[in-house]
Amino acid sequence: MIKFIAEVSSNHNRDLSRSMDFIVAAARSGCSAVKFQLFKIEQLFSPEILERSENHRKRKEWELPLEFVPKLAQRCNELGIEFSCTPFYIDAVAELEPYVAFYKVASYELLWDELLAACAQTGKPVILSTGMATIAEIKHAVKVLQDNGCKAPTLLHCTSAYPTPYAEANLAAIDTIQQATGCDVGWSDHTVEPAVIYRAVHKWNARVIEFHIDLDGKGEEFAAGHCWLPDQIGAVIRDVEKGFVADGNGIKEPVPAELPDRLWRADPSDGLRPLKEIRTQVK
Numbered sequence: 012m013i014k015f016i017a018e019v020s021s022n023h024n025r026d027l028s029r030s031m032d033f034i035v036a037a038a039r040s041g042c043s044a045v046k047f048q049l050f051k052i053e054q055l056f057s058p059e060i061l062e063r064s065e066n067h068r069k070r071k072e073w074e075l076p077l078e079f080v081p082k083l084a085q086r087c088n089e090l091g092i093e094f095s096c097t098p099f100y101i102d103a104v105a106e107l108e109p110y111v112a113f114y115k116v117a118s119y120e121l122l123w124d125e126l127l128a129a130c131a132q133t134g135k136p137v138i139l140s141t142g143m144a145t146i147a148e149i150k151h152a153v154k155v156l157q158d159n160g161c162k163a164p165t166l167l168h169c170t171s172a173y174p175t176p177y178a179e180a181n182l183a184a185i186d187t188i189q190q191a192t193g194c195d196v197g198w199s200d201h202t203v204e205p206a207v208i209y210r211a212v213h214k215w216n217a218r219v220i221e222f223h224i225d226l227d228g229k230g231e232e233f234a235a236g237h238c239w240l241p242d243q244i245g246a247v248i249r250d251v252e253k254g255f256v257a258d259g260n261g262i263k264e265p266v267p268a269e270l271p272d273r274l275w276r277a278d279p280s281d282g283l284r285p286l287k288e289i290r291t292q293v294k
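With our numbering applied, the sequence shown has no gaps in its numbers, which climb one by one up to 294 at the end.
To be clear, the hints were calculated from the coordinates, so they are not data collected in a lab.
Ideal placement from N, C-alpha and C gives every residue a C-beta, glycine not left out.
Heads up, some of the hints might be wrong.
Dumping the calculated EDC-like pairs for lysine to aspartate or glutamate here, alpha-carbon to alpha-carbon at most 16 Å [as the list claims (entries may be wrong)]:
(1) Lys287 x Asp272
(2) Lys69 x Glu59
(3) Lys71 x Glu231
(4) Lys71 x Glu232
(5) Lys135 x Glu106
(6) Lys154 x Glu125
(7) Lys69 x Glu232
(8) Lys229 x Glu53
(9) Lys71 x Glu53
Derived DEER-like restraints, expressed as beta-carbon distance ranges [unchecked claim]:
(10) Ala163 x Pro205: 28 to 38 Å
(11) Ala191 x Gly134: 18 to 28 Å
(12) Leu286 x Arg39: 42 to 52 Å
Could you put together the complete structure from these sequences and hints?
See below:
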């Protein structure tokens, strides 16, 4: 079974009721987990950036209130879906520890050894996105995680463009990262293309798929073009499982759906259909 993680990001709009609705939507869509982000703008961007960039200062409005976290985790437990949250400052690791099933570290924090170590030292599973990274940087991050107790981190290949053109998904890098690190490697999607997810799963053996979700097109990030709506991703989750069923057992023999037509094959004696043995029985 594929683990689908619904990334709410900043589409919660700082509204608790709306945040709860994301959890319900993710569960109904067939997701295994739903993930939020915990950051404080002053600990996300440098003072120089906040002083010069109004756009970055406005992201203060995207912060998830810390008091939401226990309530969101409880709702996830009620619906049987895992709760996770990305920490963007060191103290967030401890603040989230009682509630998250696993930590997810964003691509932009891959170089931050202290954050990686703090997550690993909790003993909880860690999933790490690898957008923009080189193999050398990824291997270093994996070593930091493993040296601090997370022996089997899960990595997510992604392209950190919002949205990502499907031609730049570079899904073959899933295998490259797996071969270089020995870790399980999934796909963090920013393409909103069903074919990309199907390919990641069925060709490149991705067993964890993360995607950005919005409820209704009214989230802070929806206009950028990298967020799925619940009905869209729900169809993908259902269809991706059909591919595994379609594989069958590999034995080449008539399957039940074919049996009625076997007798309607051309008879080898005259090349006419059906086989002679049933010609007189057909009405």
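Cross-check of the supplied hints:
A hinted pair counts as satisfied when its Cα atoms are at most 16 Å apart, and Lys287 with Asp272 qualifies at roughly 14 Å. A hinted pair counts as satisfied when its Cα atoms are at most 16 Å apart, and Lys69 with Glu59 qualifies at roughly 15 Å. Restraint check: the Cα-Cα separation between Lys71 and Glu231 comes to about 12 Å, which is no more than 16 Å; the hinted pair holds. Of the pairs offered as hints, the one joining Lys71 and Glu232 holds, with about 14 Å between alpha carbons and a cut-off of 16 Å not exceeded.
The straight-line distance between the Cα atoms of Lys135 and Glu106 is roughly 14 Å, inside the 16 Å bound, and the hint therefore holds. A distance of roughly 13 Å separates the Cα atoms of Lys154 and Glu125; the hinted pair therefore holds under the 16 Å criterion. A C-alpha spacing of about 13 Å is found between Lys69 and Glu232, which places the hinted pair at or below 16 Å, so the restraint holds. Our distance criterion of 16 Å between C-alpha atoms is broken by Lys229 and Glu53, whose separation comes to about 26 Å.
Pair hint Lys71 plus Glu53 holds up; C-alpha atoms about 9 Å apart against a cutoff of 16 Å. Between Ala163 and Pro205 the C-beta distance comes to about 29 Å, which sits within the given range of 28 to 38 Å. For Ala191 and Gly134, the Cβ-Cβ distance of about 25 Å falls inside the hinted range of 18 to 28 Å, so the restraint holds. With their beta carbons about 50 Å apart, Leu286 and Arg39 fall inside the hinted range of 42 to 52 Å.
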